[in-house]
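Work out the full structure, taking the sequences as your base and the hints as a guide.
Heads up: the sequence lines are chains A and B, in that order. Taking my numbering, the leading residue of the first sequence gets 1, the next gets one more, and so forth. Taking my numbering, the leading residue of the second sequence gets 1, the next gets one more, and so forth.
No lab work stands behind these hints, which were simulated from the structure alone. Beta carbons are placed, not taken as given, at the ideal position from N, Cα and C, and that holds for glycine. The reader is advised that the hints may include incorrect statements.
As the list claims (entries may be wrong) - Now the in silico label distances, taken between C-beta atoms and shown as ranges:
1) A:G278 - B:D96: 44 to 50 Å
2) B:E142 - A:V331: 57 to 63 Å
3) B:D227 - A:G408: 23 to 29 Å
4) B:D96 - A:V343: 22 to 28 Å
5) B:S59 - A:G408: 39 to 45 Å
6) A:I409 - B:S59: 40 to 46 Å
7) A:G278 - B:R97: 49 to 55 Å
8) A:L294 - B:R138: 46 to 52 Å
9) A:I409 - B:R97: 20 to 26 Å
10) A:I251 - B:D42: 36 to 42 Å
11) A:G261 - B:D42: 44 to 50 Å
12) B:S59 - A:I251: 52 to 58 Å
To be verified - Examples of chain B residues lying across from chain A (beta carbon under 8 Å, computed):
13) F34
14) G35
15) N71
16) L73
17) G85
18) K92
19) D96
20) R99
21) M104
22) Q108
23) N110
24) F112
25) H114
26) L123
27) V128
28) R131
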Amino acid sequence: MVCMKESLKTLFTTYVRWAIVLSLLLYLVPAAGWALTSDTATARSNETSTSNVLGGVPTRVTWEAMVDKGESVAAVSLQFPEGSALTEETTVRVTVLDGTERVDTDSTATVDAGASCVNVEFAQPLEEGHRLRIETYDAALPNVEGEVTLAGTYQRDDGEQVPLADSPAIKVTSASPAQKIVNWLDEQPWVQAWNSVPILRLFLNPQLVVSSIPTLVVGWLLSLMLVLLGFPLAIPIGLAFAFMKISRSRILHVIAAIYTGVVRGTPLFLQIYIAFFGLPLMGIKLNDYVLAVLVLAFNSGAYMCEIFRAGIQSIPKGQFEASRSLGMNAVQTMFSVIIPQTVRRVIPTMTSEFILLYKDTSLLAAVGVMELMLYARSLVANTGNMTPYIVAALFYLVVTLPLIHVVGILEKKLALSDEGGADTKKRKNRRGAYQQMAEEIAGGSDDGSVSYQQLANAVDTSYAHGMKGD
Amino acid sequence: MADTPQKTAESRADAGTSSVTDPMISIQHLSKHFGELEVLRDVNIDIARGEVVVVLGPSGSGKSTMLRCINLLEQPTGGKIFIEGEEITAPKVNVDRLRERVGMVFQQFNLFPHLSAKKNVMLAQRKVLKRSAAEAERVALENLARVGLADRADYMPSQLSGGQQQRVAIARALAMDPHVMLFDEATSALDPELVRGVLDVMRGLAEGGMTMVVVTHEMGFAREVADRVIFMEEGYVVEEGTPEEVFDHPKSDRTKDFLGHIQ
Chain A
1 MVCMKESLKT LFTTYVRWAI VLSLLLYLVP AAGWALTSDT ATARSNETST SNVLGGVPTR
61 VTWEAMVDKG ESVAAVSLQF PEGSALTEET TVRVTVLDGT ERVDTDSTAT VDAGASCVNV
121 EFAQPLEEGH RLRIETYDAA LPNVEGEVTL AGTYQRDDGE QVPLADSPAI KVTSASPAQK
181 IVNWLDEQPW VQAWNSVPIL RLFLNPQLVV SSIPTLVVGW LLSLMLVLLG FPLAIPIGLA
241 FAFMKISRSR ILHVIAAIYT GVVRGTPLFL QIYIAFFGLP LMGIKLNDYV LAVLVLAFNS
301 GAYMCEIFRA GIQSIPKGQF EASRSLGMNA VQTMFSVIIP QTVRRVIPTM TSEFILLYKD
361 TSLLAAVGVM ELMLYARSLV ANTGNMTPYI VAALFYLVVT LPLIHVVGIL EKKLALSDEG
421 GADTKKRKNR RGAYQQMAEE IAGGSDDGSV SYQQLANAVD TSYAHGMKGD
Chain B
1 MADTPQKTAE SRADAGTSSV TDPMISIQHL SKHFGELEVL RDVNIDIARG EVVVVLGPSG
61 SGKSTMLRCI NLLEQPTGGK IFIEGEEITA PKVNVDRLRE RVGMVFQQFN LFPHLSAKKN
121 VMLAQRKVLK RSAAEAERVA LENLARVGLA DRADYMPSQL SGGQQQRVAI ARALAMDPHV
181 MLFDEATSAL DPELVRGVLD VMRGLAEGGM TMVVVTHEMG FAREVADRVI FMEEGYVVEE
241 GTPEEVFDHP KSDRTKDFLG HIQ
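Have a look at this one:
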């Protein structure tokens, strides 16, 4: 048994050896026939501010090959991979080198657009040691994600057609729709006319508008994420500090007063710097986005605290009394009677605060948190053109303008409902209702509430915040 | 077992009471001042179970403050107040439990504007009395019907007239099954044509045997419904008696003066 196993093993080893030798021979034999060896195939990057080669977008493809020993090459047909686009615009430049010397050769290059083929014929056949370079301008590689190679045939001096080995691979990135639009724009006469005006070219370059959108969308979503996480977090913070501020406890009141005073009295920019550079010094290392959300929430919480405090104090005292007289305790009164009414009143102010906070996410660019502003800044740095900033502005406005409109509507509604919703005549006459509200603010309302004064103060401080933040 | 009644009696005695025939509300030497301003001076009033007491007096005479002291919306500066024998002015008294038994109706109605009429009446039942939603709703509709607003149950306060709002406020207080109802100028903020509806509801309550303390300027109502009329001025109780005594044969010049101005 042992003996048999041994002999099988020997047999197997022998077989493997032969297989290796054979395959080496198979490899070498045809290689001897390929006597125009391609060693270089590249394509020029055709995407703004990256080194990517985009498929489906014209580029310059360079192919180089060495004429091997004992060969002569009379013609070369370079086959582009399937899906390539050669057009009437496509041009070819042929260079022949002997070592570092340029060889003057008479060559004719034709482009077969239908077959995606470049044909080059030489009056004098290339000799051994010559290096052939074929540069194809304005040829589009296939619009795929991956690697492509050039193939083809060459003709020997004696007329024999020999296939070319595949060239080294060219890495191709699939072109985005935006890039295709950019290329289309490049060719439009009106775009050229537009861009001939410096101010339009520098601030509203159509190609850059299109090409910066995909990048800025990412930044926009990140900014939105920051504010959509930070803002809801600021609400409980604000509410908690608002309760502290109106509480009878001196200590709680002082703590809340210090918090709102310091946070509202210093720039958000400074707070961001302290958080991003101070916490690491203390050995606290948080993810940038987590820290960004926390700083935004911490900052906005102080403004929210003032909004809620003013909102709560704007509810007429009679509401507390009615609720307490029914036997409800302070907590029940707060959450069932006061807060629901406060929410309605503070929603416009809170929406304004949301707008401010959303704009303030831009300050995080200073500490390298990737968001809309920082993406725009890097595009501007790459292109030397202001257009990405203008596009970024539009991305801010897409959010802020509708919200500003909503605030206006909510404020009007609030004014109407506070002034007595049952009176339909007044409901129709919005202007009249507004004037009445203005009079109430000026004169103070008769039921002893200080609602609008208080709210107006809160709004004022919020706007001051906005001016400071920007 | 045997000492339980005795204990009860003792604790009742401790609380300053001795029998069930005690007054519903007993106000003893009540005084209240806001800083320098003395609003109530040595007010003594006993109100029996089922009695309707109307408090009259010019503005600033302290009548509203006296009313607000009864459910501790104002903290008395001095004196004692007993409700059903329990001293509410004692330290550490459970104010919320006291207020369950004392309903109050305000001049400005103070309905919760974010809740419908029905929900206004249901809220405290749910939160304080821990009634089920169905039970609270049943009681709410019952009491809204009692004030003649069964068909307005789902209206928001802003959709109701002042008189309707005040009736909802009364229903809201009644839903808590109070032992006493306090009315603080309940009709003063109403347009004249809306006053009657509210007064009718109050009259109905009085006829039903509710103990009521009513601060009002409605002389007709006082004369017709009150068991006793109290006239206050500058924080003092100046005169008290049956409506006939006070209105027709006032003893004090101040009362005469006041009634002269009103009528």
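Results for each hint:
no. : hint                        : in the structure
1   : A:G278 - B:D96: 44 to 50 Å  : holds, 47 Å
2   : B:E142 - A:V331: 57 to 63 Å : violated, 28 Å
3   : B:D227 - A:G408: 23 to 29 Å : violated, 57 Å
4   : B:D96 - A:V343: 22 to 28 Å  : holds, 25 Å
5   : B:S59 - A:G408: 39 to 45 Å  : holds, 42 Å
6   : A:I409 - B:S59: 40 to 46 Å  : holds, 42 Å
7   : A:G278 - B:R97: 49 to 55 Å  : holds, 51 Å
8   : A:L294 - B:R138: 46 to 52 Å : holds, 49 Å
9   : A:I409 - B:R97: 20 to 26 Å  : violated, 45 Å
10  : A:I251 - B:D42: 36 to 42 Å  : holds, 39 Å
11  : A:G261 - B:D42: 44 to 50 Å  : holds, 47 Å
12  : B:S59 - A:I251: 52 to 58 Å  : violated, 40 Å
13  : F34                         : violated, 15 Å
14  : G35                         : violated, 18 Å
15  : N71                         : holds, 6 Å
16  : L73                         : holds, 6 Å
17  : G85                         : violated, 19 Å
18  : K92                         : violated, 15 Å
19  : D96                         : holds, 5 Å
20  : R99                         : holds, 4 Å
21  : M104                        : holds, 4 Å
22  : Q108                        : holds, 5 Å
23  : N110                        : holds, 4 Å
24  : F112                        : holds, 6 Å
25  : H114                        : holds, 5 Å
26  : L123                        : holds, 6 Å
27  : V128                        : holds, 4 Å
28  : R131                        : violated, 12 Å
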